[in-house]
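A.B. asks: Put chain B on the given structure of chain A with help from the hints.
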Amino acid sequence: MAAARCWRLVLRGSGLSLHTAAEAAVKAPEVTGPDVAAAPVARYPPVVASLTADSKAARQRRVERWQATVHAAKSVDEKLRILTKMQFMKYVVYPQTFALNADRWYQSFTKTVFLSGLPPPPPARPDTEPAPALDVVALRDAACDCLLQEHFFLRRKKRVPLYLEHEAITSPFLDQLVASLTGLLSARNPALANAALDCKRPVHFYWLRGEEIISHGHRKGRVDALRYQINDKPHNQIRISKQLPEFVPLDYSVPVEIPVMNCKPDKLPLFKRQYENTIFIGTKTADPHCYGHTQFHLLPDKLKRERLLKQNCADQIEVVFRANAIASLFAWTGAQAMYQGFWSEADVTRPFVSQGVITDGKYFSFFCYQLNTLALTAQADQNNPRKNICWGTQRCQ
Amino acid sequence: MALASRSARLALARLGRLGLGSCGAPRRGAYEWGVRSTRKPEPPPPDRVYEIPGLEPITYAGKMHFMPGLARPVFPPWDPDWTPPKFRRLPPLHEHPLYKDQACYVFHQRCRLLEGVKQALWLTKTKLIEGLPEKVLSLADDPRNHIENQDECVLNVIFHARLWHSTEDIPKRETYCPVIVDSLIQLCKSQILKHPSLARRICAQNNMLSTTWNRESTLIQVHGSSGAQLNAKDPLPPIASQEEVEATKNHVLETFYPISPTVGLQECNVYDVNDDTGFREGYPYPYPHTLYLLESANLRPHRFQPDQLRAKMILFAFGNALAQARLLYGNDTKVLEQPVVVQSVGTDGRVFQFLVLQLNTTDLASDEGVKNLVWIDSDQLLYEHFWCLPVVRRKAVVEPVGPTGFQPETFRKFLALYLHGAV
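Each protein sequence line maps, in turn, to chains A and B.
Residues 1 to 397, numbered by the working numbering, are exactly what the first sequence covers, in order.
Residues 1001 to 1423, numbered by the working numbering, are exactly what the second sequence covers, in order.
This is chain B alone, in the form it adopts within the complex:
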């Protein structure tokens, strides 16, 4: 609006009704109803013959052209039964078929939880164990599982991702992050000669996951795609034994009063409660094995903090596990005899977070009872820094081109997570 207050506008409208407003400019009020030049002309009034009731006027409608002497036809207003998608208005939320009164708190791939891992643990009724489980670590340390010249290959992969794969001098994170993860997976796949069951896996992207569960009378949903996902034909074996699972009954989940557990989640009333793994039935690779979450934005504020990334990994791994459990064992809430295990790897190209989640129970409404277990190995650096150009001080090369602070342990854990279930 040109003028903020209504009284001022009325005053000027009164002034402008005399004709033009002040200074010979068009009336201020003219802009409220559209510019006069673009206003459509009014339709001509219907013929007087229409005012006579009971009379059928003879019009030139059938002749398809004007005929002087015949009445002008009046057509019923045209009702287009189809609107182009550009002009379609969404119906108000209350009329949406999926509208429900109870609000659901949805976690999608850009949700940042305020309390990070603590909040994710409370939402999924999970107990945290620092460090990867013994079974997986033993796979990492077993020399039979190592690739020959493993360190050299990993260094080549780092060089390729950070320096060689593009014509630019310093490639950006958006390109090097997916390249490094793809190359590391390719390197792990080279073990297929030793472990042929690695061929019983496939990678999938952009699958829409959707699961809902009740957590102390709030409805929580995980919805969205989590990036690349490795699916396998055989399920992962459970890691924690029955005793450890029973021992979690005594664990008390950490609350973070006064912060609400649903902070950071998107509250919405239009949602669908049905579970969806992202794949139709009959899919030959039904068991989710590992999720790879990449934080590849160039700018640091656009990337998740490590804590938020770990929370996202927990929730998406949990969502996949829950959907899988409900598919296998039905929708009733119970303690599972065969726990479902899902792994996850999150990275921003340099720092890796590893996660193994074991779903022990689908009874998530109450705080007591068996809890789920998650093993997290956080902030594993693959290398400290990578110099794309040599650092030269006083004509001497201080730092050569390449990574500094390379840690081969991180790749061993990556390989162990990949081989878990196939060895």
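Extracted from the complex, chain A is given alone in its bound form:
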């Protein structure tokens, strides 16, 4: 087959270089039919589509060439640079959003399954000694101290008005709470003692998912990938140097289906903008603390419970928490995975796990996220049975 193709190409004489034509002419007489195609090493250069033609095969070859440069990149920074250097219009996804039913949309964007409740506890290993009893009283006292300090004991310059209460009181309270609890719990978890604590550091993630037909412009009618970017600023985050163990195995199949949205993301509402594509976990790639432990988010005044109740959106209160968790934790775990060199064509070989606590100052919700797959592009997602999983609790006071 190969030989016959070679002959036809040589006779046509266009597109092939002289070198390949001569080689084909030389090699052709030695080939004796289709059984030689089973030879392990072909002694002629590979027959591939053109690079510059205006055809689907040529485009595919260009895409594969670009993907080969990413695979061949020597450092993670270079890989991220190649993946993010071309800027196109992309949807800007806000984790803290007032959009209705945003959590179902975000589940479809990030291929995440939402399970209520916390993940199953890890099986108790018989060789490790039992952990010391948790001093709940001390932890409760510390939490009460932080709360009382900000709300009552601390005398500030001016009496804080209601609309500033959020940033002037709740924000420092959350800072103090995270710091004191981390300190108290580091006895049980030595990784926490050496952890890095970030305060309002940005987290960025850029990914492609799904396809659309371009509706207007000079590329009208062509198929284009949908690009998304999350620019998040968690209130606090804890980063550790060793990865958290997985909750469930990598290929764990969840019977729950991911919601499929039948309209364009613009309906959410989600808007497109073109600006720098960044992937950032809170520090640059050189930091040894490159794995995430927990993120803490503070919901803004705009999304507080009283306002939603006034707008007759009582069922959206949970949605706000869930959407924030799914988007933020997906962005963080995805960025952690990309810092390790994985991307959509080189899918993760181990699950990336992070936790999140989302609060509005009074109600707390706890979430756990396991990233099983980064292959969300249309090409990579064709035969990908893996789904990302997010566990979450109801809000607790």
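No lab work stands behind these hints: they were computed from the structure.
Predicted model only: the values in this text are computed from it and were never measured.
Here are the simulated lysine to aspartate or glutamate pairs, DMTMM-like style, with alpha carbons at most 25 Å apart:
id: 1; chain 1: A; residue 1: Lys284; chain 2: B; residue 2: Glu1168
id: 2; chain 1: A; residue 1: Lys90; chain 2: A; residue 2: Glu345
id: 3; chain 1: A; residue 1: Lys264; chain 2: A; residue 2: Asp315
id: 4; chain 1: A; residue 1: Lys157; chain 2: B; residue 2: Asp1275
id: 5; chain 1: A; residue 1: Lys157; chain 2: A; residue 2: Asp145
id: 6; chain 1: A; residue 1: Lys200; chain 2: B; residue 2: Glu1168
C.D. replies: Showing chain B alone in chain A's frame:
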């Protein structure tokens, strides 16, 4: 005013009264009383029936609409009992409830003292000792107190603060200064496994401190917030022994005539003399442990000079100590049997100043007697310079990315100040 001199304006007003001024433009005087188009129309004159005394005019006020034949009602001028905050004028200073005749010189967090440390020492009746006290230095040198891979961790912290924590190539001081102090405190906190009493502390910000004292018939006040403050449940033990405290009686405070000791302080007549630590009573962490003062402005003229920063540290540490002493031992001026100790760390992200202040006496009016003690370790560099981008000369890397002139001693002192009182 359009014209500077009154005579010229009068001359033109005379000209303009004839009608329009020169060149057909509106009179110059018109602008003095408001542009004519925005002037409100005059109210119509009240009905003649109001000029008849003893007569009650029948008006259409009750009918809520105009009725020809009835008199126009004249209402009393409306007195709004509430002005929006935007339009409220402050009462003149003399009428303020807290106005006092004696002027008070207030030190707040942006005060730069002209004579720096000397002035701060005179204001607080303190004796300066260069270098940190032996007790604290021994904590620094004790290898049991060291964190494992301490130098490596500190280098990571410097890298993180100066380079890694932001997506920019070269982060600015306003972001990296608080990040480096927070990370160093977090690193010190990791010793909580060895010293569980480190959990009996909490960090607080934006507390308003206010203390007043008399210093040779001038009233001095420290007022304001000093940034982040570490409070503890247990007080710091006194450092200098009784003999050293008695020995300070012979010390003479340095004066700097002809400069007045209150130069640089804000003079004000409206002040409140009550002491305020910044926390209400019943606060579970009543003892101030360390104050962290950051100079994180991007531009050098906006930052304090090291001398001015040390003076600010002395005064705020003294203010905290004095407020604490008055809370514990009452308002009378006396020599304290249990001296109050407060520490302070001031930095601009690279250069650190360490301070330990021991308050021995609240009798500050006279120049004689026991003085307070302060130990200062000034200008401790954590690193000389940090290259965010490698320096390349003729295609060879001359300086790699990272800090140059790293001094691990500075972090050991920082750690010692943190562990002091808990070890």
